[in-house]
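Participant: Chain B: place on chain A using the hints.
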Amino acid sequence: MLSSNIKGVTNGFPLKIQVEKVVEKQVEINHDFLRNIFPKIDWKAFSDASRIMGYDEMPEEPPEPSVLESNVEFLGKFHHALLELHLEEGALLCPETGRKFPVNKGIPNMLLLEDEV
Amino acid sequence: MWYLCVFYHRLLDYRKPEFESLADLFGAFGDKRSSDFNTQDKVLQWRLPKHHHPDSPFHFVHLPSEDVARNIANRSILVKGIYEIWGEGNDFEELEEAVKSYPDERKLPYLESESTFKVTVDSFGKVLSLQEQNERIQGLSYIPFKGRVNLKNPDHNFWLMETDENETNNGLPPVVKRRIFFGREIGGADRKLIPLYQLKTRNYLGPTAMDAEMAFLMANQAQAAPGKLVYDPFVGTGSILVSAAHFGAMTMGADIDIRVVRDGRGPDCNVWSNFKQYGLPMPIGLLRADNNLPPWRPGLKEVFDAIICDPPYGVRAGGRKSGGRKLLKGIVGPYTVPDDKRADHIPSTAAYTLVECVHDLLDLAARMLVMGGRLVFFYPVLREDGSVETHFPEHLCFKLVATSEQMLSSRYSRVLLTMVKTSLYTEELALAARIKHLEFRENHLKWLENGNLHSLVFSPADAESGDSKVSKESKPKYRGKYV
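Line by line, the protein sequences give chains A and B.
Residues 1 to 117, numbered by the numbering used here, are exactly what the first sequence covers, in order.
Residues 1 to 483, numbered by the numbering used here, are exactly what the second sequence covers, in order.
So that you can see chain A by itself, here it is in the shape it has in the complex (with noise of 0.2 angstroms):
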């Protein structure tokens, strides 16, 4: 979902991914949620992410919708990349400039410095 805003950067999508630390925590599998944010993720981005963090199991190409409805399975595993896996310590590289914006305890951190505002 993020992207790089530096002043002057026009490709800021997507954040390549330095991984240090990954977690799996346990999360319940809500299947209307799932539903609910598939179309609003862009799956390339979301693919790539989840194999640099080391699950191979999403394919490279967006499911169909119906796929959702139907296969309990992949829903299960859709569920693990998106919630499940977490970057706790790493960073988000910004694709142009190559900025890093520090992971650290799972939080992300966007804010500029002073000279990119």
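Worth flagging that the hints you see were computed from the coordinates, not collected in a lab.
We put the CB at the ideal spot given by N, CA and C, even for glycine.
Warning: the hint list may mix true and false statements.
Covered stretches of chain A, going by a simulated chain B footprint (3 or more residues, C-beta under 8 angstroms) [to be verified]:
{"#": "1", "segment": "15–29"}
{"#": "2", "segment": "36–42"}
Calculated lysine-lysine pairs in the BS3-like style (CA-CA distance at most 27 angstroms, straight line) [to be verified]:
{"#": "3", "chain 1": "B", "residue 1": "K301", "chain 2": "A", "residue 2": "K16"}
{"#": "4", "chain 1": "B", "residue 1": "K399", "chain 2": "B", "residue 2": "K301"}
{"#": "5", "chain 1": "A", "residue 1": "K105", "chain 2": "A", "residue 2": "K40"}
{"#": "6", "chain 1": "B", "residue 1": "K276", "chain 2": "A", "residue 2": "K25"}
{"#": "7", "chain 1": "B", "residue 1": "K301", "chain 2": "A", "residue 2": "K77"}
{"#": "8", "chain 1": "A", "residue 1": "K100", "chain 2": "B", "residue 2": "K301"}
Facilitator: Just chain B, lined up with the frame of chain A:
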């Protein structure tokens, strides 16, 4: 069908908006999936009992079914009970006649011998002794109760409610006149939520954490529900998201202060631990971001079902945005932080006036809310001459559906605004917002000086004691922070 709704006598401005938001959520206005957001004026029909004042706790409301009534009442915070009324009158003789003539098919199913029941006697405006209560229950012997009495967990709970003029001298004017109601309880608020979630026992608190009751009201106004995604751009300690999560929504939050969001007060005292304390699902993401320069990818829109927040008014907590104070005033040029210090540098921030903050919030909401999504936030207003200015922030994408005032002091109140997104966010709107954003930056100094709410609230009282008497009287004496 008409039902009697009895509200708790507090937060008076919040009662009907909460009820109507929940009515909409539970399908009282027909098919919720209709995309006709504009023309449907979703307002319920209300009727006051004879001789009652609008501030009375008793209101008749028209709802399509008992299931809808039950769902609304059970989820609400301010509905003491909702009842199917079997009879009402000015005295017990009138009541008896009314109950006797109420159709049998509406009464007999609930009086069967296999069921258990209980009769509760309640009075508003006076206290009845146990003996007086029992006498009234005995007086209902004309009703053919066949079931067994169960005081702890009955199948059916009947209420005999009496209202009377309040004759005590505590400044309360008579809000009700004498009227007696008898009805079957359908549902009511679960007030146990409030002590359960109260801030007194909250793991991680901040100075502006939202109190539990108000946080639930906000979540109800926003129609938080399972499957939905709720966002708070000023998340702080997460007090508002906790209530949304309680009602089943997934949550997400951001704050400009990284210490509040990431560090908290320790590994077991932070936003995450608040959710853990109540066994609620964690937010799907927390980030440190500036609403003035948000980091969303271009093309990202219509993602959130609701945005609920309490923006900084600048009175007890000031808002901040990116850019050094001196930078924006033009005193120093933009400086570059040396490379070895860049990683942990906490960028200086500048004052963020309420006007700019609200502009950014509306722009964010217009873009990021789904159609029909709700924006619920507090807006501070000055109370001058006893009345509240009625000019609230507006945006082309939104329709204002509710305003509820809570008096904080004689000088100012905060008003909970509920807006529904009824139009799409267009390129023109995005452009207009960018222009306005630049205008704020150019005139940063000017905005700082005008309309500083903090000084208006805390300035010493003016020597116009005559005026202050007038201002106190225009709002009835029984209105205060919690009523």
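Participant: Run every hint past the structure and note whether it holds.
Facilitator: To see whether the hints hold, each was checked on the structure:
no., hint, verdict
1, 15–29, "holds (count 3)"
2, 36–42, "holds (count 4)"
3, B/K301 x A/K16, "holds (21 angstroms)"
4, B/K399 x B/K301, "holds (19 angstroms)"
5, A/K105 x A/K40, "holds (26 angstroms)"
6, B/K276 x A/K25, "holds (13 angstroms)"
7, B/K301 x A/K77, "holds (25 angstroms)"
8, A/K100 x B/K301, "holds (25 angstroms)"
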